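K.L.:
For the protein sequence lines, the chains are B and U, in the order given.
Heads up, the first sequence is in full-length UniProt numbering, so the first residue is 1 and it goes up one at a time.
Heads up, the second sequence is in full-length UniProt numbering, so the first residue is 1 and it goes up one at a time.
The reader is advised that the hints may include incorrect statements.
[What the hints assert, rightly or not] Residues from chain B that face chain U, not an exhaustive set, calculated with beta carbons under 10 Å:
1) Ser133
2) Ala137
3) Val193
4) Lys198
5) Gln206
6) Pro214
Since the hints were made in silico from the structure, they are not lab data.
Note that this is a predicted model, so its numbers are computed, not measured.
Ideal Cβ positions, reconstructed from N, Cα and C, are used throughout, including at glycine.
Each chain, written out:
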Amino acid sequence: MKNQANPWLTSNLWVLGLGMLPAILLIGVLLYFTAWAFAFSFTDLALVGRKSVEWEWVGLENFQRLFTRRGFLESLWTTVIFVFFSAIVGQSVLGFLLAAALRGTRSTLRSVVEVCIMLGWLLPDIVAAFLWSATTAQTGLINQLIIRPLGLPPVNFINDYALPVVTIANIWKGTAWSYLLFSAALDSVSREVVEAAKVDGATPMQRIWLVQLPIIRPHIATNMLFITIWTFTYFPLIFAMTGGGPGRQTETLAVFLYNQSFARGNLGFGSAISVAMLVIVGCLSLVYLRMLREPK
Amino acid sequence: MSDVSLKAVRKSYGVLEVVHGVDLDIKAGEFVVFVGPSGCGKSTLLRMIAGLEPISGGEIAIGGRVVNDVPSPQRGIAMVFQSYALYPHMSVFDNMAFGLKLAKTPKAEVEARVREAARILQIEPYLDRMPKALSGGQRQRVAIGRAIVRNPKVFLFDEPLSNLDAALRAQTRVEIAKLHAALDATMIYVTHDQVEAMTLADRIVVLNAGRIEQVGSPLELYRNPVNTFVAGFIASQRMNFLEVKASANGLELPGGRVLALNHAGIAAVKTLGVRPEHLLLADAGNADLSGVLAVVEQFGEYALAYAELPGGETVTLKLDGAPALEVGQDVHMKLPGEGLHLFDADGRALR
Numbered sequence: 001m002k003n004q005a006n007p008w009l010t011s012n013l014w015v016l017g018l019g020m021l022p023a024i025l026l027i028g029v030l031l032y033f034t035a036w037a038f039a040f041s042f043t044d045l046a047l048v049g050r051k052s053v054e055w056e057w058v059g060l061e062n063f064q065r066l067f068t069r070r071g072f073l074e075s076l077w078t079t080v081i082f083v084f085f086s087a088i089v090g091q092s093v094l095g096f097l098l099a100a101a102l103r104g105t106r107s108t109l110r111s112v113v114e115v116c117i118m119l120g121w122l123l124p125d126i127v128a129a130f131l132w133s134a135t136t137a138q139t140g141l142i143n144q145l146i147i148r149p150l151g152l153p154p155v156n157f158i159n160d161y162a163l164p165v166v167t168i169a170n171i172w173k174g175t176a177w178s179y180l181l182f183s184a185a186l187d188s189v190s191r192e193v194v195e196a197a198k199v200d201g202a203t204p205m206q207r208i209w210l211v212q213l214p215i216i217r218p219h220i221a222t223n224m225l226f227i228t229i230w231t232f233t234y235f236p237l238i239f240a241m242t243g244g245g246p247g248r249q250t251e252t253l254a255v256f257l258y259n260q261s262f263a264r265g266n267l268g269f270g271s272a273i274s275v276a277m278l279v280i281v282g283c284l285s286l287v288y289l290r291m292l293r294e295p296k
Numbered sequence: 001m002s003d004v005s006l007k008a009v010r011k012s013y014g015v016l017e018v019v020h021g022v023d024l025d026i027k028a029g030e031f032v033v034f035v036g037p038s039g040c041g042k043s044t045l046l047r048m049i050a051g052l053e054p055i056s057g058g059e060i061a062i063g064g065r066v067v068n069d070v071p072s073p074q075r076g077i078a079m080v081f082q083s084y085a086l087y088p089h090m091s092v093f094d095n096m097a098f099g100l101k102l103a104k105t106p107k108a109e110v111e112a113r114v115r116e117a118a119r120i121l122q123i124e125p126y127l128d129r130m131p132k133a134l135s136g137g138q139r140q141r142v143a144i145g146r147a148i149v150r151n152p153k154v155f156l157f158d159e160p161l162s163n164l165d166a167a168l169r170a171q172t173r174v175e176i177a178k179l180h181a182a183l184d185a186t187m188i189y190v191t192h193d194q195v196e197a198m199t200l201a202d203r204i205v206v207l208n209a210g211r212i213e214q215v216g217s218p219l220e221l222y223r224n225p226v227n228t229f230v231a232g233f234i235a236s237q238r239m240n241f242l243e244v245k246a247s248a249n250g251l252e253l254p255g256g257r258v259l260a261l262n263h264a265g266i267a268a269v270k271t272l273g274v275r276p277e278h279l280l281l282a283d284a285g286n287a288d289l290s291g292v293l294a295v296v297e298q299f300g301e302y303a304l305a306y307a308e309l310p311g312g313e314t315v316t317l318k319l320d321g322a323p324a325l326e327v328g329q330d331v332h333m334k335l336p337g338e339g340l341h342l343f344d345a346d347g348r349a350l351r
């Protein structure tokens, strides 16, 4: 394509520069913070005290600590479990099943289900966290309504089954996104193609598995990419519900990062954690982006 | 090859009935075309035969077996869809083999049947391609090939040519006719295009507003339409309808001249129908109708002349060759001795 820029603009570098300023600033700020985190991951910078001013370069020490000290690997494992069960299995599969089941129905049931899952999504994280804590606590709704009337001793779910409770809460909170995305994706599959499969003798399961799912594969990959990244770095709901506890049972990487950087004040180590998270999420993204490519 | 019979078939969505009791017998090996304006229920009828749409009332039998509650795959039908409906994630071969694979057909047989269908349709070079790498015409063949490999008793076509351009449509039309001759299968074909209906059908079923208006061979419908709807719908140029008054010695035409006519039911005649190709040019002296030429469309081999009568009605004439006519001149027309259609006040033909 030919350069269509205004000749007055192209001959006035100052004007051109001025016009580009907002973009340059934005990109600059983004680069600055990334570079900042990267640079300080090689230092022993602290939030308070002497090390907050007289920090020193410590080389790869922070990165060694990731693997030699307790904390990072455990948190990584917790995060993997949390992402796998709440995002990939929970939100994605549940969202797809709901979208597939409610597709084509124009019933009140559909509206009710849609409103319900949207409510979870729209509710602020902190409010949701409070609701879930209150509901699953020893004196909470589940105990009052189900466990006690059955004559069983009350269970402190949020304490005894912290990770499952947090996982379920996140499924409840995030399914709306996957549902909406899969609804739109399934709508893009031509009705006639599904009918052709029906005439060809495909059962409802085969129609989903052999026809609809392969057709919406790029949407699935996109959805996986988004929710994996979001869930991997998700912080408010878990932090507000458990603070990472009890012990370190629900300390995902985001919570671990917060605790190290701001509760303990180890900004250098915290930076190393964030760089590690960036690398992990980057690798996952590459996997999904490959999935997005069309087959040869 | 199998016969299909419909008995009082109805379809309603809630309180809205869209197909009002259709009775039809289709003989084995016949090529039947459902034709009608959009919304007449022709596609719905086809989808009910296919088992894609539940039947609200009546009975559908294929090969003597009532199939009301038989799911599509067991009805022995194959369907070609308007949008081709190819599986976009499968190669041409897999598209055609999908149904056979689902039915757990031995691999060698799948291979043989797909190859055979591809040979008939001349799509062998494309078997490894994905549908998106094919042209519209090629996709259409794959869709037909997918139907052939199922070896169905009845082929169902739902407006299969409407997504093709005009030249390809004509070519594919001929190929479908050849295919019918070669496969010797029962075919039911839905279209809104009366040219496709006339050229392909052994019998045409004209549908309007969920009812059958007339069933017959293309020439029967052309020669003896039972009502003004069929008369106006069949043939490439719409029939001219003239309002006439019956009098003692004939029919009073627009413009005041009287057409002498002997007919038992002449008193009931309200509308006179004449096809544009049957109207003749005449001199002022012996003309039945006179008007002013409003538009001339020259096609080279023939021309269409639109004449405005004094009463404001427009009459179409189809003239051979390239007649020298000028817009604005007077045209005088003579009604033919044969090929006149008489209709009563309800639009029913009087024989």
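K.L.:
Please go over all the hints and tell whether each is borne out by the structure.
P.N.:
Hint-by-hint comparison with the structure:
1. Interface hint status for Ser133 (chain B): violated, as the beta-carbon distance to the closest one in chain U is roughly 45 Å, over 10 Å.
2. Of the supplied interface hints, the one on Ala137 (chain B) is violated, with its beta-carbon coming no nearer than about 48 Å to a beta-carbon of chain U, more than 10 Å.
3. Annotation: Val193 (chain B) was flagged as interfacial toward chain U, and the flag holds, the nearest CB pair being 5 Å apart, inside 10 Å.
4. Using the Cβ-Cβ criterion of 10 Å, the hint placing Lys198 (chain B) at the interface with chain U is satisfied: the shortest such distance is roughly 6 Å.
5. Interface hint status for Gln206 (chain B): upheld, as the beta-carbon distance to the closest one in chain U is roughly 7 Å, under 10 Å.
6. With its C-beta approaching chain U no nearer than about 4 Å, Pro214 (chain B) sits inside the 10 Å limit, and its interface hint holds.
In this structure, the earlier hints numbered 1, 2 are contradicted, and the remaining ones agree with it.
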